[in-house]
Structures are given as structure tokens and as C-alpha cells.
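K.L.:
Count the sequence shown with our numbering and you get residues 9 to 298, in order.
FYI, nobody ran anything at the bench for these hints, they're computed from the structure. Incorrect hints may have been included.
[As the list claims (entries may be wrong)] DSS-like cross-link-like pairs, simulated, lysine-lysine; straight-line CA separation at most 27 Å: (1) K13 <-> K67; (2) K79 <-> K34; (3) K46 <-> K115; (4) K92 <-> K67; (5) K92 <-> K103; (6) K158 <-> K175; (7) K191 <-> K141; (8) K241 <-> K284; (9) K110 <-> K137; (10) K191 <-> K175; (11) K155 <-> K123; (12) K175 <-> K67; (13) K67 <-> K158; (14) K276 <-> K203; (15) K155 <-> K92; (16) K175 <-> K276; (17) K158 <-> K203; (18) K92 <-> K141; (19) K241 <-> K281; (20) K79 <-> K141; (21) K263 <-> K237; (22) K67 <-> K46; (23) K110 <-> K123; (24) K276 <-> K237; (25) K103 <-> K79; (26) K284 <-> K175; (27) K237 <-> K175; (28) K92 <-> K110; (29) K191 <-> K284; (30) K103 <-> K141; (31) K137 <-> K191; (32) K158 <-> K212; (33) K212 <-> K170; (34) K79 <-> K155.
[As the list claims (entries may be wrong)] Restraint ranges, calculated between C-beta atoms of paired labels, are given here: (35) D119 <-> K241: 42 to 52 Å; (36) D153 <-> T99: 18 to 28 Å; (37) D198 <-> P126: 53 to 63 Å; (38) D198 <-> G138: 38 to 48 Å; (39) M9 <-> P126: 27 to 37 Å; (40) I134 <-> S22: 49 to 59 Å.
C-beta: ideal position from N, C-alpha, C; glycine also.
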Amino acid sequence: MITEKGNHKWVRTSGRPTIENGKVVKITGSFQDITERKIAEEKLRDSEALLSEVSSLGKIGGWTLDIESNKVTWTEEVANIQEKEDISDPTESLKLFLPESKEALEKALNDAVEKAEPYDLELELISVKGNHKWVRGIGRPIIEDNKVVKITGTLQDITTRKEAENKLLEREALLNEVGKMAKIGGWELDLISGKPTWTLEVAKIHELNTDEAASVEDGLSYYPSGSRKIIEKAVNNAIENAEPYELELEFVTAKGNNKWVRTSGLPKIIDGKVVKITGILQDITDPKKP
Numbered sequence: 009m010i011t012e013k014g015n016h017k018w019v020r021t022s023g024r025p026t027i028e029n030g031k032v033v034k035i036t037g038s039f040q041d042i043t044e045r046k047i048a049e050e051k052l053r054d055s056e057a058l059l060s061e062v063s064s065l066g067k068i069g070g071w072t073l074d075i076e077s078n079k080v081t082w083t084e085e086v087a088n089i090q091e092k093e094d095i096s097d098p099t100e101s102l103k104l105f106l107p108e109s110k111e112a113l114e115k116a117l118n119d120a121v122e123k124a125e126p127y128d129l130e131l132e133l134i135s136v137k138g139n140h141k142w143v144r145g146i147g148r149p150i151i152e153d154n155k156v157v158k159i160t161g162t163l164q165d166i167t168t169r170k171e172a173e174n175k176l177l178e179r180e181a182l183l184n185e186v187g188k189m190a191k192i193g194g195w196e197l198d199l200i201s202g203k204p205t206w207t208l209e210v211a212k213i214h215e216l217n218t219d220e221a222a223s224v225e226d227g228l229s230y231y232p233s234g235s236r237k238i239i240e241k242a243v244n245n246a247i248e249n250a251e252p253y254e255l256e257l258e259f260v261t262a263k264g265n266n267k268w269v270r271t272s273g274l275p276k277i278i279d280g281k282v283v284k285i286t287g288i289l290q291d292i293t294d295p296k297k298p
């Protein structure tokens, strides 16, 4: 309703007739201002709509398992992830997970109930419609009177991320294989942190048994005097003047073996400042042999 002063209000009205001699003689009722309650309900609906939209965009849903009844309540997105309508029976939902994931989840749920231990797992499942998915499952025990009575948690579809990670791992494996064949590896020097990183093949060229990169000073120490002066100048020019370089230099490994290497460095510039240098190191000893 709109009041005399123009204010919008919600009201609850009721009426009860009074009957005498079979005839309604009066109606009594009440008139209640319920504006605050209706505003609160509208805000709640808006919040729920926003949460539903965020859950859909993030492919994440919430669930609660009641320990005593063994019944699950869930948000719509959890059902969407599993591609099934009824997931109130946790046993049926567990059947969707691949054997290794099922075993891990069962143990996590058991520990959550018996030891009140939370969990955070990445698991594989096959949906009701036969689609392979990766999900992140999180569970938190709810304790009352020193006893776990409920477990609440989330289920998130992380398939896209996991597929991207797996493709990256496959590419890295391929690059490592190519690196072995071509005796070439990659390296990077972060000028902000001062931390160098390199691939396994770079470590092999150095004849080191670790993929942990040597410090800049240690890395330069593998070049004999003449080559060291050249590489030091090139690195300094890359840092100070953003000049890339590509050189062929003499090199002495950690085991004292003489090699020829091709090394290159490419500066990365942010806001007019060199922040990183990335490059390659390749063993070209054979072509340099007389």
C-alpha cells in the first residue's frame, strides 16, 4: 500500500465475520505493518539469487551431511555437477567417484566423523550422464557436545583447470624430451627476487645432479676467463640496457669437462624496467670439435 504521505508499505490484513441468525452482521480484523519483514525477505531473495549466480559461474555448490540420519542436503549446483536430480543418499553419490578417488573420499569422510578432521581433496568422478570430471571437495565437521553431528562442505567442478594443468604437464614432458635430444634447456633470472630457475637439461649440461639453479655468481663460474668476461658483459647489458644476446662460449662443467655452449638471454620489460631475463643453454660441443 501507499500511505497518505506517499510511503510504500507492506501490510498483513485479516478479517473474521460474525454471524447472527444466519447473517453476517460485522467483520472484525487486524491490520499489521509487515514492511520490515518483507524488505528482509526481498534482501534474502536477492542474496540467494546472487549466491546462485556466483555458484553457477564458479561451478561450486554447498552441501550438508547429517550424521544421525545419513541424509544430505545440497544446493542446485552440486546436483548439476553430478548431473543427477536426487543426491540425498551419500552412498549413491560415492559410487560416481573413480576407485582411487572414492577410497580417498571415504577415508576423509570417516576421519571427519571419527576424528573431526576437515579435508580438502581433488577427485575424479563420472557423472550420471557419463561425463568425466575433476572436482574439488571440501568438508568441515560441525561439533556439538564433543561429537560430530554434521559435515558441511563444498563441491566445485575444476575440470577445465585440471585439463589445462594436464596439457601443461604433457607439453613440459615433450619439451624435456626435445631438450634431451637437442641438449638444450631453458633458464630464467628474476631480477626482483634475484632468484634464478632452470630446467633439468640445463643442470645436465652443467653435470649437476639437481634441478635447483645455481646462483648468478656460481653460474658464471663455469665459464673460463675469456668466455666469462663476454657473458658478464652480455648479462649486464641485458639488465641495464635491455639488450638481448646470443653467444657461443667455452664452458667447464662441475666434473671438469670442457664444452662449447650456445647461450641466449631475452630481457622482459615492465614499466620501462627489466624485471626478468629468460634464455636457453645448449650443448654444442660436438659441432665445435675439429
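K.L.:
Any of the earlier hints contradicted here, and which numbers?
P.N.:
1, 2, 3, 6, 7, 15, 17, 22, 27, 31, 32, 33, 35, 37 and 39
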